[in-house]
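Number of protein chains: 4
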Amino acid sequence: MSNSVKIAVIGGDLRQLVVAKLFAENDIETAVFGFDLYTGEFPPVTKCMTAADAAYGSTAIILPLPCTTDNAHLNTPFHNGKVLLDDLMRSITADQIVCAGMYASDRPNTFDYYAREELQILNAIPTAEGAIAIALDELPITLHGARAVILGFGRCGKALAERLKGLGSHVTVVARKESDLALCESYSYNAVSFRCLSNAVSNADVIFNTVPALILNEPMLKHIDKHTLIIDLASRPGGVDFEAAKRLGLNVNWALSLPGKVAPITAGKIIYKTVCNILKQEGVL
Amino acid sequence: MSNSVKIAVIGGDLRQLVVAKLFAENDIETAVFGFDLYTGEFPPVTKCMTAADAAYGSTAIILPLPCTTDNAHLNTPFHNGKVLLDDLMRSITADQIVCAGMYASDRPNTFDYYAREELQILNAIPTAEGAIAIALDELPITLHGARAVILGFGRCGKALAERLKGLGSHVTVVARKESDLALCESYSYNAVSFRCLSNAVSNADVIFNTVPALILNEPMLKHIDKHTLIIDLASRPGGVDFEAAKRLGLNVNWALSLPGKVAPITAGKIIYKTVCNILKQEGVL
Amino acid sequence: MSNSVKIAVIGGDLRQLVVAKLFAENDIETAVFGFDLYTGEFPPVTKCMTAADAAYGSTAIILPLPCTTDNAHLNTPFHNGKVLLDDLMRSITADQIVCAGMYASDRPNTFDYYAREELQILNAIPTAEGAIAIALDELPITLHGARAVILGFGRCGKALAERLKGLGSHVTVVARKESDLALCESYSYNAVSFRCLSNAVSNADVIFNTVPALILNEPMLKHIDKHTLIIDLASRPGGVDFEAAKRLGLNVNWALSLPGKVAPITAGKIIYKTVCNILKQEGVL
Amino acid sequence: MSNSVKIAVIGGDLRQLVVAKLFAENDIETAVFGFDLYTGEFPPVTKCMTAADAAYGSTAIILPLPCTTDNAHLNTPFHNGKVLLDDLMRSITADQIVCAGMYASDRPNTFDYYAREELQILNAIPTAEGAIAIALDELPITLHGARAVILGFGRCGKALAERLKGLGSHVTVVARKESDLALCESYSYNAVSFRCLSNAVSNADVIFNTVPALILNEPMLKHIDKHTLIIDLASRPGGVDFEAAKRLGLNVNWALSLPGKVAPITAGKIIYKTVCNILKQEGVL
Numbered sequence: 006m007s008n009s010v011k012i013a014v015i016g017g018d019l020r021q022l023v024v025a026k027l028f029a030e031n032d033i034e035t036a037v038f039g040f041d042l043y044t045g046e047f048p049p050v051t052k053c054m055t056a057a058d059a060a061y062g063s064t065a066i067i068l069p070l071p072c073t074t075d076n077a078h079l080n081t082p083f084h085n086g087k088v089l090l091d092d093l094m095r096s097i098t099a100d101q102i103v104c105a106g107m108y109a110s111d112r113p114n115t116f117d118y119y120a121r122e123e124l125q126i127l128n129a130i131p132t133a134e135g136a137i138a139i140a141l142d143e144l145p146i147t148l149h150g151a152r153a154v155i156l157g158f159g160r161c162g163k164a165l166a167e168r169l170k171g172l173g174s175h176v177t178v179v180a181r182k183e184s185d186l187a188l189c190e191s192y193s194y195n196a197v198s199f200r201c202l203s204n205a206v207s208n209a210d211v212i213f214n215t216v217p218a219l220i221l222n223e224p225m226l227k228h229i230d231k232h233t234l235i236i237d238l239a240s241r242p243g244g245v246d247f248e249a250a251k252r253l254g255l256n257v258n259w260a261l262s263l264p265g266k267v268a269p270i271t272a273g274k275i276i277y278k279t280v281c282n283i284l285k286q287e288g289v290l
Numbered sequence: 006m007s008n009s010v011k012i013a014v015i016g017g018d019l020r021q022l023v024v025a026k027l028f029a030e031n032d033i034e035t036a037v038f039g040f041d042l043y044t045g046e047f048p049p050v051t052k053c054m055t056a057a058d059a060a061y062g063s064t065a066i067i068l069p070l071p072c073t074t075d076n077a078h079l080n081t082p083f084h085n086g087k088v089l090l091d092d093l094m095r096s097i098t099a100d101q102i103v104c105a106g107m108y109a110s111d112r113p114n115t116f117d118y119y120a121r122e123e124l125q126i127l128n129a130i131p132t133a134e135g136a137i138a139i140a141l142d143e144l145p146i147t148l149h150g151a152r153a154v155i156l157g158f159g160r161c162g163k164a165l166a167e168r169l170k171g172l173g174s175h176v177t178v179v180a181r182k183e184s185d186l187a188l189c190e191s192y193s194y195n196a197v198s199f200r201c202l203s204n205a206v207s208n209a210d211v212i213f214n215t216v217p218a219l220i221l222n223e224p225m226l227k228h229i230d231k232h233t234l235i236i237d238l239a240s241r242p243g244g245v246d247f248e249a250a251k252r253l254g255l256n257v258n259w260a261l262s263l264p265g266k267v268a269p270i271t272a273g274k275i276i277y278k279t280v281c282n283i284l285k286q287e288g289v290l
Numbered sequence: 006m007s008n009s010v011k012i013a014v015i016g017g018d019l020r021q022l023v024v025a026k027l028f029a030e031n032d033i034e035t036a037v038f039g040f041d042l043y044t045g046e047f048p049p050v051t052k053c054m055t056a057a058d059a060a061y062g063s064t065a066i067i068l069p070l071p072c073t074t075d076n077a078h079l080n081t082p083f084h085n086g087k088v089l090l091d092d093l094m095r096s097i098t099a100d101q102i103v104c105a106g107m108y109a110s111d112r113p114n115t116f117d118y119y120a121r122e123e124l125q126i127l128n129a130i131p132t133a134e135g136a137i138a139i140a141l142d143e144l145p146i147t148l149h150g151a152r153a154v155i156l157g158f159g160r161c162g163k164a165l166a167e168r169l170k171g172l173g174s175h176v177t178v179v180a181r182k183e184s185d186l187a188l189c190e191s192y193s194y195n196a197v198s199f200r201c202l203s204n205a206v207s208n209a210d211v212i213f214n215t216v217p218a219l220i221l222n223e224p225m226l227k228h229i230d231k232h233t234l235i236i237d238l239a240s241r242p243g244g245v246d247f248e249a250a251k252r253l254g255l256n257v258n259w260a261l262s263l264p265g266k267v268a269p270i271t272a273g274k275i276i277y278k279t280v281c282n283i284l285k286q287e288g289v290l
Numbered sequence: 006m007s008n009s010v011k012i013a014v015i016g017g018d019l020r021q022l023v024v025a026k027l028f029a030e031n032d033i034e035t036a037v038f039g040f041d042l043y044t045g046e047f048p049p050v051t052k053c054m055t056a057a058d059a060a061y062g063s064t065a066i067i068l069p070l071p072c073t074t075d076n077a078h079l080n081t082p083f084h085n086g087k088v089l090l091d092d093l094m095r096s097i098t099a100d101q102i103v104c105a106g107m108y109a110s111d112r113p114n115t116f117d118y119y120a121r122e123e124l125q126i127l128n129a130i131p132t133a134e135g136a137i138a139i140a141l142d143e144l145p146i147t148l149h150g151a152r153a154v155i156l157g158f159g160r161c162g163k164a165l166a167e168r169l170k171g172l173g174s175h176v177t178v179v180a181r182k183e184s185d186l187a188l189c190e191s192y193s194y195n196a197v198s199f200r201c202l203s204n205a206v207s208n209a210d211v212i213f214n215t216v217p218a219l220i221l222n223e224p225m226l227k228h229i230d231k232h233t234l235i236i237d238l239a240s241r242p243g244g245v246d247f248e249a250a251k252r253l254g255l256n257v258n259w260a261l262s263l264p265g266k267v268a269p270i271t272a273g274k275i276i277y278k279t280v281c282n283i284l285k286q287e288g289v290l
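Residue numbers (the working numbering), protein chains in the order written: chain A, 6 to 290; chain B, 6 to 290; chain C, 6 to 290; chain D, 6 to 290.
Take these hints with a grain of salt, some might be off.
[Stated by the list, open to error] So the derived label-pair ranges between C-beta atoms look like this:
(1) B:N208 <-> D:A218: 42 to 48 Å
(2) A:T98 <-> B:R200: 30 to 36 Å
(3) B:K227 <-> A:T98: 53 to 59 Å
Source of the hints: derived by calculation from the structure; they are not laboratory data.
All C-beta atoms, glycine included, are put in the ideal place defined by N, C-alpha and C.
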C-alpha cells in the first residue's frame, strides 16, 4: 500500500479500533479520534485531540457503523463528549474520501460501506453465529436433530442454513422464488414455499426469521407451539408481531446488530476489507 | 391434479419418457409419440402413431431438450423417422400450451423450460456429479486432498464447490464480483479474483471451467502444468482454446450436456418439475 | 413394549422426568418419586410418597446421573428431603433391575448406564454443542475462520471436530495414535501428533481439551497466547493446571457436565435410549 | 532424513515407483528393480539389473502390495521375467529391514505394511472414491437425493458415509454395535441395526457392502429391487452370493483393490507414509 496515503478513523466502537489497527499494520499512517474512554490495548496510531485534527490531511476518513444514531451527532460510544456530524463534515475538504456506515449523502467522494454487497455477505457470518449462540443458550434440546426453520434465503438465510446443517439440524428453508427453492434442494435443505408457511412453522423447534417484513403476524403466530423458540434477525420494525407473540406466550428473541456484539474483531475486519475495496476502486490503494 | 388435463410428450430421449411416466403416475392422461425404438420399460401412457395424434386434444405438449438439433426437425433419437417441427406446430391449436427445451418462439402459450432458472439450478447437480465422475475416472490421485480450481461461481460453480468440499478437496473458486468472493469465503472456499487467475491455475490438480467465455486462452494455458486435468463445462464455443491446449500437451475434457448423459432419470424429473411449475403458473395444474 | 412392565424413576433432575415421560408415552406404567419441588409440566405418571413406594412392584428402577454426589444419599435436587441410598437399595428385591448413572455395585441386575459406550457417544453431541456455545459467547472473533485446536480424538474430539468444521473453523486435532491421525486426515482435519503439541497450541484462537490428563501443564501453558480461549472438557481433575493458567493470565473455562446443563431434554432422551437398550438386552422390553 | 540410509524398492506397479520417487525426493539414496516395462517418467533413482543388486547394501527393502500373487514369485507387473521370492529373501541379510504388503513371515525385521491400521484407514479414502465413481458411472440418477445404504461402519463405511453425505445422498448405515449406531447418529446418518437389514436394502437406490462376510445371501437378495445397484467392496470371498444375484437379475459390481486402480499416486503416497512410520519406529529414519 502507498505510504503517502493517510487514514483517519473517527468515532465508533471496538470495530473501528480494529479498522485502525489493520491500516496501521499495513504501514498506513493512521490517526484516530473518539477513544478516550477505551481502556484496552491500543494499536500504533496517532491519537488526536479533535475529530477535525484527525481528519485534517488524511486521504480518507472512516466513520463508524452506524455513523449516527440520532441523525445529528457522530456515534462515539468511547468518547466523553459529542461531535456534531455537520461540523465534522464541514472540516473535510471536497477531495477527501469519506467512508461511513449507514450514511446516505449527496456529497461526492462519500461512500456508505454498509450498503456494499460484500460487507452484507460477510456480516451474515457473525450474524448466523450469533443466532446459533442464542439458540444453543436458550433451547433445552440440541441443535443436532432439531427442526430448524429459516424464513428467507438471502445472505443471512444462506449463512444460517449451511451452519445449522453442519451442526446436524434438520433444516427447512421457507422461500418465495422457485429458483431459491431449487438452490435449497441442491444444498440438501428441505425447501418450502411461503404458501406452506403455517405448516412449516407449526413443526419447528426453532424459527429464524431473516425477512424484513411482518411475516409472523398474529394469525401465523397462532400456528406456533409455545415450546418453539423464535429468533428474529430482521432489522426494524422486525418480522414478528411482538405484542401478539407476548399475548400468545411465545418465546421471541429479537436479535439486532449481532456482528458488532458477538464478534467485534471479525466485524471490524469485515469493515476494513470493505473500505479497502472502496479505496482500491477509487484508485487510492 | 385435474383429471381433465391431458398431456402429450413428443420426441426426445429417456428424459422425456420419465416426464411422461411422472405425469401418468400423477393420474394425468398422457399420450406419447417418438419412442418406437425404445426397448426398455414403458410407463402406462397412450402410444400414438403420429406426433399430431399425440398432440390432438392435449392441454399441453411437452417437446424435448433440445427441441431440435438442426432447426428443422424435432429431436427424436428413439424414432425411426423424421418429424418436421413446422408441421407439428401447425397441428397445434392456439390455446394449447407448448413447453419445449432450448426453443425460442413468438407463438403465444409457448415456453422454453430450459430458460427457467430453477431448471438451470437443478441441472447443475447432475452436471457437477458428471464433472466429478470424470475427475475421479481420470485423475491418478484422489479428489480428497486435491487442489481443485473452479472458474466461475454461478449455478455450476456453486454445485461443484459444495460437492468437492464434501469430498475433501482444497477448493479454490475464481470469481469476478467482490460479492461472490465474499460468499465463497462464507462457504469456506478459497476465493480468488480473476486478476490472479494465472497463479490459481498454475497450482491446480484439476480445473473446472464453468464460464462460457474463452477464459483459458493460449497465454493462460501456458501457466498450466501438463499433469493438471482440465474439465470444461461451458457450452459452445467452450472456455478453452482446444487447439492451443493440444499443442501444449494439456489434458482437456470438454463435457457437454452432462445431465441427460449421467443421470437421465434425475434430469427427466427436473424437466417434469419445471414443466409443472409452468403449468401451475398458467393455471392448468 | 410389554404392558406388564412397570418402571420406577426415582430422584434426579429434568433429565429423569424426561425419562419418565418417554416411558409413559410408550404405554409403560411409570411411577416417580423425588420431584415435589418441580413446578413445570408433569408427564402422565404416578407420583409416589416415598422412594420405596415408587420402587415397589416395578420391573426396573431408574436412578439419576449421577446417582449420588456424596456416596450416601440419592441425588435428589427436586426433593425437599434426603433419601439414603442404602435404605432404598434394601427395599428393592433381587429380581428387580436397577439402572443408575455413575454407580458401581456388586449387586446382580444392577447396571451403570453411564458406562455404556452409546450413552457416552451420544452425550458427546450436547457436550460439543455446549463447548461451541461457550466459544461463541466468549470469543471476539467468529468461529468461522478461527484456528480451533482439539486435544484428543475420542468421542468428544470427534463430535467437536465435525461441528467446528461445519461452522468453518480451521480444525487441528492433536492425537497420539497414527491411526487416529489417519482418520483425521480422512475427515480433512489438520492432524498433529502430541509431539508437536507446543506448536499447535501456540497457533490457536481456541483450544478444546478432551483428554482426562494434565496435558496443559505449566511449561505447555507458556506457549499459549493470552488471547487464546481454553475450554477444558475433561472431568476431574481436568486437563489444565488452573493455578498456573491463572498466574499466566490465561483465559480458561472448565466446562463440566454439559449435557444436563445445555440440553436437558436431549440428555434425558439419551438416558432413556440407553436404559431401553439395557432392558432389551435383559429381555424385559 | 539420514543420508546413510539406503532404500531398495523392488517389484510392484506405479505405486512402488511413487514410493521410490518420494524417498528420492527426500534425499534418500534409492535403488529400484522390476520396472523395465514401465515407459513413463522415472524418478531420480538407481535402476538395478537384478533384485539382489537392488537389495544389496540397502537399509530397508520395500516389496509390493501384494508382495506375491502366487505364493512363489514376487509380484512384478512391470518386469519382463520372474523373481522367486525365496531367492530374493535369501539374498537379504538378517539386519536388513523388509517391508512388504500382505506378506506374513517369521523372519525378524519383516513388516507387513498392509496390516498397519493407518494404511487401512488412508486406503479407505481412494476405496470410497472408487466406489463413488462406480455409482456415478452406473446409476441413471444422481447420488444427490439417492438412498444410499452402507453395510458396515468400519474404515470404508466411515469414509463412504462422509463423502456420500457431502454429495447429498440420504445415507443409511447398517451396523451391529450400539456404539456404532450412536456414532452414526452423531454424524447425522440414518442408523439401522442389522436386525432390520432386509427393510434397509429393500429401500435403497445403491447398496455398498463393506463387511467381509456373506451378508447379502439369497434370502436377503430377494428383498432387493432390480433397479438397485449393489457395489461389493469386501475382499474375497466377498459379501454377496453372486450366483444367486445373477439368477435374480440383480446388478452387482464387485470392486476389489480400488486404491491402486483409481488413484495409484495417492495409494503410493499412503504406502510411503506407512513405510516411513515403520522405519521411524525401528529407529532408521
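Here's how the hints hold up against the structure:
1. Between N208 (chain B) and A218 (chain D) the C-beta distance comes to about 45 Å, which sits within the given range of 42 to 48 Å.
2. Evaluation of the 30 to 36 Å hint for T98 (chain A) and R200 (chain B) yields a pass: the beta carbon distance comes to about 32 Å.
3. In this structure the supplied range 53 to 59 Å is violated for K227 (chain B) paired with T98 (chain A), their Cβ-Cβ distance being about 48 Å.
This entry does not satisfy hint 3, going by the numbered hints stated previously; all others are met.
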